[in-house]
Structure formats: C-alpha cells, structure tokens
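Using the supplied hints, reconstruct the complex from the two chains, each of which is provided in its own coordinate frame.
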Amino acid sequence: MRNIKKVLALVLVAVLCLSCFAACSKSGNTDATTAADDKTTVADETTAADKTTAAGEETPAASGTFKIGSIGPLTGEAAIYGQAVMNGAQIAVEEINAKGGIQLEFQSQDDVSDAETSVNAYNKLVDWGMQVLMGTVTTTPCIAVGAQTNKDRVFTLTPSASSTDVIDGKDNVFQVCFTDPNQGVASADYISENIAGKKVAIIYRNDDAYSQGIHDTFVAEAKEKNVEVVYEGTFTKDTATDFSAQLTGAQSAGAEIVFLPIYYQPASVILKQAADMNYAPIFFGVDGMDGILTMEGFDTKLAEGVMLLTPFSADAEDEATQNFVAKYKEKYKETPNQFAADAYDAIYIIAEALNKAGCTSDMSAADICEKLVSVMPTITFDGITGAGMTWQATGEVSKGPRAVVIENGVYVTPGK
Amino acid sequence: MKKLSSIKGTTKKNGFTYALVIVAFAVVSLLNANGVLSRSAQGLLVPACCYIVMALSLNLTVGVLGDLSLGHAGFMSVGAFSGIVASMSLADAIPNTVVRMALAIVVGALFAAVAGFLIGIPVLRLRGDYLAIVTLAFGEIIKDIITCLIVGHDKNGIHILFNVKGNKSVADLNLAEGGQVIIKGAQGATGTQTIATFTAGFVLIIITLFIILNLVNSRTGRAVLAVRDNRIAAESVGINVTKYKMIVFVISSALAGAAGALYGMNYSSLVASKFDFNTSILVLVFVVLGGLGNMTGSIIAATILYVLPEALREFSDYRMLIYAIVLILVMVATNDPKIKALFGKILPHRKKKGGAVNE
Chain A
7 MRNIKKVLAL
17 VLVAVLCLSC
27 FAACSKSGNT
37 DATTAADDKT
47 TVADETTAAD
57 KTTAAGEETP
67 AASGTFKIGS
77 IGPLTGEAAI
87 YGQAVMNGAQ
97 IAVEEINAKG
107 GIQLEFQSQD
117 DVSDAETSVN
127 AYNKLVDWGM
137 QVLMGTVTTT
147 PCIAVGAQTN
157 KDRVFTLTPS
167 ASSTDVIDGK
177 DNVFQVCFTD
187 PNQGVASADY
197 ISENIAGKKV
207 AIIYRNDDAY
217 SQGIHDTFVA
227 EAKEKNVEVV
237 YEGTFTKDTA
247 TDFSAQLTGA
257 QSAGAEIVFL
267 PIYYQPASVI
277 LKQAADMNYA
287 PIFFGVDGMD
297 GILTMEGFDT
307 KLAEGVMLLT
317 PFSADAEDEA
327 TQNFVAKYKE
337 KYKETPNQFA
347 ADAYDAIYII
357 AEALNKAGCT
367 SDMSAADICE
377 KLVSVMPTIT
387 FDGITGAGMT
397 WQATGEVSKG
407 PRAVVIENGV
417 YVTPGK
Chain B
921 MKKLSSIKGT
931 TKKNGFTYAL
941 VIVAFAVVSL
951 LNANGVLSRS
961 AQGLLVPACC
971 YIVMALSLNL
981 TVGVLGDLSL
991 GHAGFMSVGA
1001 FSGIVASMSL
1011 ADAIPNTVVR
1021 MALAIVVGAL
1031 FAAVAGFLIG
1041 IPVLRLRGDY
1051 LAIVTLAFGE
1061 IIKDIITCLI
1071 VGHDKNGIHI
1081 LFNVKGNKSV
1091 ADLNLAEGGQ
1101 VIIKGAQGAT
1111 GTQTIATFTA
1121 GFVLIIITLF
1131 IILNLVNSRT
1141 GRAVLAVRDN
1151 RIAAESVGIN
1161 VTKYKMIVFV
1171 ISSALAGAAG
1181 ALYGMNYSSL
1191 VASKFDFNTS
1201 ILVLVFVVLG
1211 GLGNMTGSII
1221 AATILYVLPE
1231 ALREFSDYRM
1241 LIYAIVLILV
1251 MVATNDPKIK
1261 ALFGKILPHR
1271 KKKGGAVNE
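Protein chains in written order, with my numbering: chain A, 7 to 422; chain B, 921 to 1279.
Keep in mind the hints are simulated off the structure, nothing from the lab. Computed from a predicted structure; not experimentally measured.
Partial chain A-side listing against chain B, Cβ under 7 angstroms, derived:
hint, residue
1, Asn-126
2, Val-132
3, Ile-149
4, Ala-150
5, Ala-153
6, Asp-171
7, Asp-213
8, Asp-214
9, Asp-222
Below, computed lysine-lysine pairings styled on DSSO-like, alpha-carbon distance capped at 30 angstroms:
hint, chain 1, residue 1, chain 2, residue 2
10, A, Lys-176, A, Lys-377
11, A, Lys-377, A, Lys-157
12, A, Lys-339, A, Lys-307
13, A, Lys-105, A, Lys-362
14, A, Lys-229, B, Lys-1085
15, A, Lys-405, A, Lys-157
16, A, Lys-205, B, Lys-1088
17, A, Lys-105, A, Lys-339
18, A, Lys-205, A, Lys-231
19, A, Lys-73, A, Lys-333
20, A, Lys-176, A, Lys-405
21, B, Lys-1088, A, Lys-229
22, A, Lys-73, A, Lys-339
23, B, Lys-1075, B, Lys-1088
24, B, Lys-1085, A, Lys-205
25, A, Lys-204, B, Lys-1085
26, A, Lys-405, A, Lys-205
27, A, Lys-204, B, Lys-1088
28, A, Lys-231, B, Lys-1085
29, A, Lys-243, B, Lys-1085
30, A, Lys-278, B, Lys-1085
31, B, Lys-1088, A, Lys-231
32, A, Lys-333, A, Lys-405
33, A, Lys-229, A, Lys-243
34, B, Lys-1088, A, Lys-243
35, B, Lys-933, B, Lys-1265
36, B, Lys-1075, A, Lys-157
37, A, Lys-307, A, Lys-243
38, A, Lys-176, B, Lys-1075
39, A, Lys-105, A, Lys-377
40, A, Lys-335, A, Lys-105
The beta-carbon is built from N, C-alpha and C at its ideal position, and this holds for glycine as well.
If we strip away everything but chain B, and leave its shape as in the complex, we get (with noise of 0.2 angstroms):
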C-alpha cells in the first residue's frame, strides 16, 4: 500500500537499478576493451548475465508472487536444450550469430513459457510449503525427460526420439547425409557452436527488468501483490487469484528459460543433470540474500556470490568450505538488527525500503 502513495519514489528506485546495470556494463566492457581484465574474469561474464536473470525471474515468483519454488533450474533447461536446438538447426538457414542468438533465446523463453503453464496448472493450486516441494518434483522430472531426449537435425527437419527404455541411440533417429546430432539423451548437447555474448547477456538483463519492474507497477504486478499480502482479502474484492499467480509463473518461467537459452549457448557441452535442485538452490540463495521482492539485491547477490568461489581458487580445496562459510556469515550479517540499524544510519532511505519489503 505504501508503494502506491510514492509512485515517484518507485520510478526513482528503478531509475536506480537501470542505471546500475548500465554503468556496470559499461564499466566492464571499457575494461575489457582496454585488455584489464583477465582471462578468467571474461569467461565469468555471460554465466553471471544469465544468474543475474534467473534470480531476477525467480524473485518474481518467489518475492513478489510470495510463492516458493525450488525448480526453477527445470524451466532454465528447458530453454537452454530448446535454444540449443534452434540455434543449431538454423545454423546453415542464419549465418549471422546475433540473429540466431536472438531467435534462439526468445525461443528457449516460449517453451519455457509452455512449460511454466502446464506445470502451473497443478502447482498453483498449492500453498506455501506443499507448493514447494511440488515444483522441486517438477523440476527432477523436466531434468529426467531431457535426459531421455534424442534430438537430430538434418535436411528433412528436425528428429526427436524419446528414450524412455534406454534401448535407443543416436542412430534410431535415421538422420540423412549431412544430419547433425544435437542432444544425445544422457549424453546432453555436445558440439554446441558458443555464440553467446557479454553484449547479449546485458540486453537481456535490461529486457528482463524492464518486464518485471513494469509488470510490478502495473494494475497486474498491484493485484499479484494484493493476492501475495492477503489471498482470501484479494478474491474477496474480486481478484481473480489464480490468473495472476498464472501470470507471474509464466512471466517467471519464460524469462528463465531465456536465461538458459543464453547459458546453453556459451558452452560447447551441457547435460541435462546440470539442472538440478542444487542450481535451483543456488538461485534460490541469490534471491533470499538480495532480498524477497529487491531486484536490485538480486542482481548484486547473484553477481557476488557467482564470482565467489572463482574468486576463492588460491584456496584450491578448501575453496567450497570458504564460500559455505563466507554464505554463512553474510546471511547472519545481513539479519543482524544492529548491523541492519548501521546500514539504517549510513543509508537514511534504506530503513524505510527495508520495511516496505519486510511487510
């Protein structure tokens, strides 16, 4: 309710984050262009783009729909395998990379879309806890049916063989003279051409806040928020619940299914047991530590904590222990009252934009 009487606040707050991303692309690609950064740091920066937009896609579902969902990497493979698969097929019909890429993600987001819908039809007639542990299953089960997945493209079209017995191989798909595989079932997506870009990574992030920040501050996004502070109140003024938990589910799941298409297509090799809970976990941890319904927070912590544990190689094995303690103290850090009352008076604003969240 405070949001609606400080319209101005908002568009300032999101002034804020466009610029952010701005100034740290331009930052970074100055950088790059001058030769500063290093090698390992350049091959960090697409993966973080596509974090940065599964975290940003999760805390819509997660923050401002209030519904927790812990398979959101399952929507990230479906389009990263989708996008793969446009990608690769059109490789010969769309020499130029930006075009192909561009195609591919806005095709890894509709059929993530598709997904997020059948998937919601059940999900979201759960509550809190119950709708958890159901998305978790969804997620296991989109990782089991890519993993089934044969998919090969040739002059014919595209083939696609189930392999539910395990008895299939690449073979059983009959590709003609020239044929290509592209998912080879357990095997995932090998011989991928990487045509992802930095560039690419930050046109999405702008396209993926420019949706969700709109869609938040519109008549849509102030009727999810009614559904997510007060269920029973919003249908009792007429709001129709599940559409807008059907909405924001898909909106959800496509944009991380654009964030896959990306990620797909910046490694030559991806299998689909990549996708598992842990990932999904992982954004998850993004999103809680920048803050339930904070984008801003989640595009700072799903920077952070990705460079973390690259950060960490001198560590060498003890890397993994120190990033889960370095998580550890940041999560206690950040819920301390006294450490949060310091932040209060160094930041006077923030006080008040933590209580709008935490309500």
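Just chain A, with the same shape it has in the complex (with noise of 0.2 angstroms):
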C-alpha cells in the first residue's frame, strides 16, 4: 500500500510538472510569434468591437450583423496553425466591417487539435449565438464537429480540414484548402511533370490521418505516373524526435527527393538531421510544411530549397496579396502562412455568400445554412489562395495548386 503511494505521488508530481511545462512552451510561444502585447490588444480589440456591434444591434441598422465563430488548436502541438487562422480570419473581419455593408462579430476557442475538446467548444459558440462557422482548423476535430453542425444544421467553412472525410455525407460542410487526395495526387503530378526521373523517398506519420491520407493517394498516382518510390519509413507521434533510421534507409536507397506529407514540427527535426549526417535531397513538403519558417528556435536555414505545394504564398504580387502580407505584417510581426490565408478567403467567402443569399442577422443559423448551402455551388471566387474558386455542392473547392521553393527564409515560385 504505502509503496503504491509512493508511485502515485511520483506520478502525480510528474504530471503536474508536465502540464506546467506544456503551459509555460505555450505561453513561451505566443511571446515569441505574435509577442504577447500584440495578443492582448487583439482580444482588446474583439471585446470592443463586440461592444459596439452589441450596440449597433438594439438600433434597427439596414445591414445586419452576423456572428461567426471559429475553433482551432489555440495551444499545444498544432498552435501554430490555430493562432494563424485566427489571425487571418481577424483581419478579414476587421476589413469588412470596416466597409460597411454587412458586419461581423468573431469569436473563436480553443481545442488544442482534440475531437472531444472541439465539440465542447463548438457547444460554446452555440451558446454565444453563432450563425455560421468558420473552422475547425484541424481534420480529426473537425469531422467530430461537422457531424454535430450537420444535425443542427450550422453551416461550416472549413479553412483547412483537408481530409474528404470532413465533407463526406455533410452538405453544409464546405471546405477552402485542398482534399487530401487532392494534396497527394498534385504532389505525384508536380514530381513526374516538373523533377522527373528521381527516386523517391516518403517519410510519413502513420498515426494522423492528414499524413496517411496524403501517402495513400501519393504512392497510387505515383504509380500511374511512373514515379519510383524506393523507400518508405514510417514515424508515430511518440517517436516523432528521431529520424536518423529513416533518413539513413532513404539515403541508402538512393533517394534524391523526400516527400515529406508530414506538419512543420517533426519536419523541421528531419531536416536538421539531414543536415547533421550531409544527406541533401530535394525535401517536398505539402501544406502542413506551411508554418516551418516562422517556428521559434528552427534555423531558417536548413529549409533552403525546400519545395512545397501550397496555395499561397505570400511574394505573390498581386494587390490583395500584398495588402494581406502588409497588414499581417503590421499586425502581428510576421509573414502569414497559408493557414492565415485560408481563413482570410474563408471570412471573405463566407461575407460573399450571405451577400449574395440575401442574409440578415436575425435569420436563425437553420435558415442561413439552408440559403448558404443552396448559394455555394454557384459562388466564383477570387481569393490570395487562388482565383476563380468554386465549390462542388459536395463541399471540396477546385483550384489550382501552387508549388513554392524557399529561398533565403521566403517562399518564391521555382525556376523564377
């Protein structure tokens, strides 16, 4: 008895200790991203905005005001990604109310990336009164919640739920970033058409569905297209701190290209330890790559000349690109990844589809899904994540992919 005690206690202190840790990297992390200040102000920011909108509300305006609510991975693993699509998705709000014309009030939670955790927190933003959904960020999560939004009918716009899985059999589930499959077919297209006749490497995560679901439509289409895949090593979330066994067995097989359809974390560990052990292949990355230049403590140097198939990227030159990039910049120190891009469009599509359905805010969100739904397949977009974006009633976008190589810490188009 009195030993069980003794383990318990241990354990008990070694579970303390952890969350505190997890604590402490987290709110370490906010500090040095998007520095502490800057966050406060932007929550200042909110509540004040949700203050006048709350005023605007009691006098009878000709435009109404929508309340949209957003979740995603605010702390923890995939924080990154959370707090870049809150970010974006504030400066779209901020800029349509801003116009004039319909108004917005934005609110988003946390789910730290977990379905349990994500379906309370879509319970929250019910309770606050949301009408339309802007989220979740993640794929796991957002199947859980797009289920629950399915039957209560909220309609979701998800900015990077990638998996087919979140939209399949959910009408009012739509999403702005690429299908999985989609990400994986592109991938093997890109390698066949653009760095032909190279061996190829996968180093996956077969323990996240995102990862998996990538490798799967990749090694398919690879073979359509004649693409040699000649090594394929597998890592889990445990053991995502030591690739040395991978890379060796790539290296050795041959392989001059690493598809990597993994998240910027155990990425950036890959790419040190190729550097460590001088294997210097052609790392292809999709968008879960997003994200590696703006990680605390990554030596932007190690990602030289790695290519990654994204949507956006943020040397584009096109107006509305730039006048993101700057304002991002301006707000939040940062350039924006294509996580803060997704959920610009995502505000502004979803801005554009009350619009066009004739919304207004006293509408119960029933009744703006069923308009919404109705008005989506029939909306042309032209966003920084692509142009002339239209939806299948299905849910999945079809745009045109865009291969970015970095180059001195910043994404440019490759061969320019």
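Dropping the structure here:
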C-alpha cells in the first residue's frame, strides 16, 4: 500500500510538472511568435468590436451583424495553425466591417486539436449565438464537429481541414483548402512533370489521418505516373524526435527526393538531422510544411531549397496578397502562412455568400445554413489562395495548387 | 476488518452513492427538459458519464485491488473501437438506436474483458512499480495495434486488415458495393453515427456502481481486500491470489470497455491516439482525488475535474495553466491534516470513513 502511494505521488508530480511545462512552452510561443502584447490588443479590439456591434444591434440598422465562430488549436502542438487562422480571420473581419454593408462579429475557441475538446468548444459557440462556423482548423476535430453542425444545421466552412471525411455526407460543410487526396495526387503529378526521373523516398506519420491520407494517394498516383518510390519510412506521434533510421534508409536506397506529407514540427527535425548527416536530397512537402519558417528556434537556413505545395505564397505580386501580407506583418510582426490566408479567404467567402443569399442577421443559424448551402455552388471567388475558386455541392473546392521553393527564408515560385 | 462488523453502515453508504447519482441525474434531466442547460453543459453530459465509469472501474483496480494501472485508457480504446464496429455494422440489422447502443456497449465490454484477461496473465505476476510500468506499456501497445487496424463492413460481413507495414490502405479491404469503412487505421473511426445518450450514460453508471459495490461487499470482494492488505497472510489462509486479482482486473477492464463504447458512439470521429498515456493519467487523477477505494469520491472528482477545463474557457489561453494550478491546490488542500480535521468536525462520520480507507 505504501509503495503504491509513493508511486502515485511520483506520477502525480510528473503529471503536474508536465502540464506546467506544456503551459509554459505555450506561453513562450505566444511571446515569440505573435508577441504577448499584440495578442492582448487583439483581444481588446475584439471585445471592443463586440461591444460596439452589440450596441449597434439595439438600433436596427440596414446591415445586419452576423456572429461568426471559429475553432482551432490556439494552444498545444498545432498552435501555429490555429493562431494563424484566427489572425488571418481577424484581419478579414476588420476589413469587412470597415467597408460597411454587412457586419461580422468574430469569436474563436481553442480545441487543442482534439475532437472531444472541439465539440465542447463548438457547444460553447452555439451558446454564444454563432450563426456561421468558420472552422475547424484541423481534420480530426472537424469531422466530429462537422457531424454536429450537420445535425444542428449550422453552415460550416473549414479553412484548412483537408480530409475528404470532413465533407463526406455533410451537405453543409465546405472547404477552402484542397482535400488530402488532391494534395497527394498533385504532389505526385508535380514531381513527375517537373523533377522527373528521380527516386523518391517518403517519410510519413502513420498514426495521423492527414499524413496517412496524403501518403496513400501519393503512392497510388506515383505508380500511375511512373514515379519510382524507393523507400517508405513511418513514424508515430511518440517517435517524432529521431529520424536517423528513416533518413539512413532513404539515403541508402538512393532517394534524391524525400516527400514529407507531414506537419512542420517533425519536418524541422528531419531537416536538421539530414543536414547533420550531410544528406541533401530535395525535400518536398505539402501544406503541413507551411509554418516551418516561423517556427520558434528553427534555423531557417536548414529549410533552404525545400519545395512545398501550397495555394498561397506571401511573395505573390497581386494587390490583394500584398495588402494582406502588409497588414498581417504590421499587426502580428510575421509573414502570414497559408493557414492565415485560407482563413482570410474563408471569412470573405462567408461574407460574399451571405450577401449573395440575401441573409439578414435576425435569421436563425439553420435558415442561414439552408440559404448558404444552396448558394455556395454558384459562387466564383477570387481570393489570395487561388483565383476563380468554385465549389461542388459536396463541399469540395476546385482551385489550382501552387508549388513554391524556399529561398533565402521566403517562398518563391520555382525557376524564377 | 472494520467493514465486516458494520455491514449496516456499508449498506447505508452505498445507498447514499446510488441516491447521489440518481438525484444528480434527475436534476440534470429536469434542467435539460426545461431548457435551462446551455449547449456546452449538454455536450459535457455524455463524456462526463464515460469518465465517471472510467474512474469507477480504475478505482476497482487501484483502490480495491491495490494495483496501480497506468494503461487503463487502453481498455477504453478497445471498448470504443469494438463498440463502434458493432454499432456501425449492425446499423441496418437493428434500426433501433437504443438496442444497438446497448449491444455495442456489451460488445465493447466483452472485447475489453478479453484484452484485460490476456494482459492480466503476464501483468498480474508482477507487483508494485513493475506492474504499473507494464500496464503502461500495454496501454501503448493497444494504441499502436488499433492504429494498424483497418475495418470495413459490407453485405458479406466484417472485413479486418492489419496494416503493420503501413503499405495497405482502405482499398485493400475489397469491400463489396455499398460497403462502408468503419476504422481507417491511423485516421481512426470516422463517420460514426452519434447515438450515445445521457440516459444511457446514467444507466451505465448505475450498473457499474451495482457491480462494483456488490463485488466489494461479497465473499470475493473480502478476499480481494485481504490480498490487497496483506498478500502473504491471504495466501497463507488459502486464498488464490492470482484468481482474485484476475477477477477484479477483468471486471475493471470490461467496465472501462463499456465506458469506451459509449464514448466512441458520442463522437463522429475518434482516433486511437486519443487514448494515450495522458488519458490514463487523467482518469488516475480522478481516482486519486476522489480517494482510493472511495466510489462516491471518484464520481464527484471525475465530474468536477472533467467540467473544470470547460468552465475555465473564459481564461482562453491560460485555461490549462489555471487547471493545473487548481489541481495542485486541490491535491494539497485535501491532504492537509488541518483541513482534513476541519472536514472531520463538519462531517462527523467522515473521519471514520477516512480512517477505514487509509488503513
């Protein structure tokens, strides 16, 4: 009995320490990436906006105020995605509100990229009176929340949850990003067309829906396009700290391209370890790689020459992108990534759909949902993550992917 | 030994536990029916029930049997995924969701019991810290096995694939037309019909309580307590230690499996990595805070600690930091002799109970 108590005490101490560390590293992140002060001002502005719009509601104006909710990982492992989404959305909301016309009220909730927490966050937003959901940011929570919104009839537009399961059988869920199969297919196509004839190794995380999904379609498409896959290495959440075995495997198999359909955090370790062992293939990532340049404590020199498939590049010269990037840099002191851009577009898409469907803010979420669902397939949207975006009734977006290569710490179009 | 001489007291105490659960259910249902409960509160009901059952079943292992298990989420995982497979594959055969849910919970419990038995064979030969570490390892093994599992269902029955090398995909299931993939390996179970209800959770808690409280007060239960308190003495009077340990371990696993099945049917998507070491520890924290061997305590602790992080949403980014601080304060406070004495004064019979548990 006494022994057990000792062990229990030890375990508890360990757990408490861990949770403290988790909290510390999280607050550390916010300090470095978005600057704590900035964050509070954002929060202040939001609450200020809330107050003014709340006051505005009392005097019935011609333009309605819609409540847009968003859910994403603001803390934890995938926090860069969630924070980018909320920052990007915030800019779009402010722009739309400044323009006049329909007004938007925006609230974000944290889900730590966990399905259970995400459903809780969703319920919280329903209590708040949310009319349209812009979220969720990551795939697994989005499937769970999507089932709920489908039941409750809340229109859902996810900026970045890319699995087909997100939209499968749910008429009210739409995506701004590509689906995973599309990313896998597009990557294989790009490699076969532009860097053909090279041997490819894949390192992917096989306990992650996103990574496994892209891997599966990539391998299938690679076979079709005669892209030679010489090595497949896997890892899991728990083994994402050491990749020397996989890299050695890829190297000895003679791979000249290493395809990394994974998130930026393990990718950063892979880049570091590959550099240490003087292995310099072309690393090819997908949208999960986006964010690596803004990762805290990562030497961006290691990412030189990394190619990735992303719909957004901050160096694009069109006016809309330039405007967004400038505002984002001014406000959050960093270059926006694809997630921020997706969210920025998502808010604009919602606003356009609301306008086109002629929704008024006194309509219930369910009524708005029915109208938006019928209007979405008719919309053609020019955003910063693609021109001429259109949607199928299934919720899938059609737009062209864009490959970029990292040079001198920024994304540029290859061969430029 | 004190428990032997006060059977009447035990009955009274058990009655109080049942009454607490029933009254809580009645109040919450009433509030819900009148629309007083917010959406976020409603959403917490089913998972809270699942965690209560988890805490009760772990308390059986840790508190009553006296063996520290750090892999309890593994059994929840087995129950969740087998329950989901049962529920989804019977969707056409049994349209009635209540019957299907009950069946799925039973299936989940059975599979978890089998897993508990298999794991129990090596694990229960160990003691103390070693046992704790091995259960931890088994929890992780279960997680990894489920990550490799691809399950689909069509008119020919259930198709199962083990994707050990990571080179198989859903297409390899060769499902017939109209077939449905239920578990997609690492991507977990997606598209699950969410048929879990609060009433089912309540019934599950009552059944769990009934099983555990009756077990503890039975001949078997007294043998188990004897094993916990002094293994050598228990062996010397002819108690088969392995047998009784196994009984408790399997029952505990089965109950965790039932909780898992209910949990699995509450969410449209579920990944195996949800049931990792952290979840096991979370449940262990409920048990420790509630008091080892104290079932009422487990129920209250699980409820409070499950609701707390959601109640702290107002603090946005600092939510989990505050949760951790609250946890530390509660743990320190409940172990402070002065505060314990204070409680003893307010609730006179509490002192007696506390003593019995500590011995």
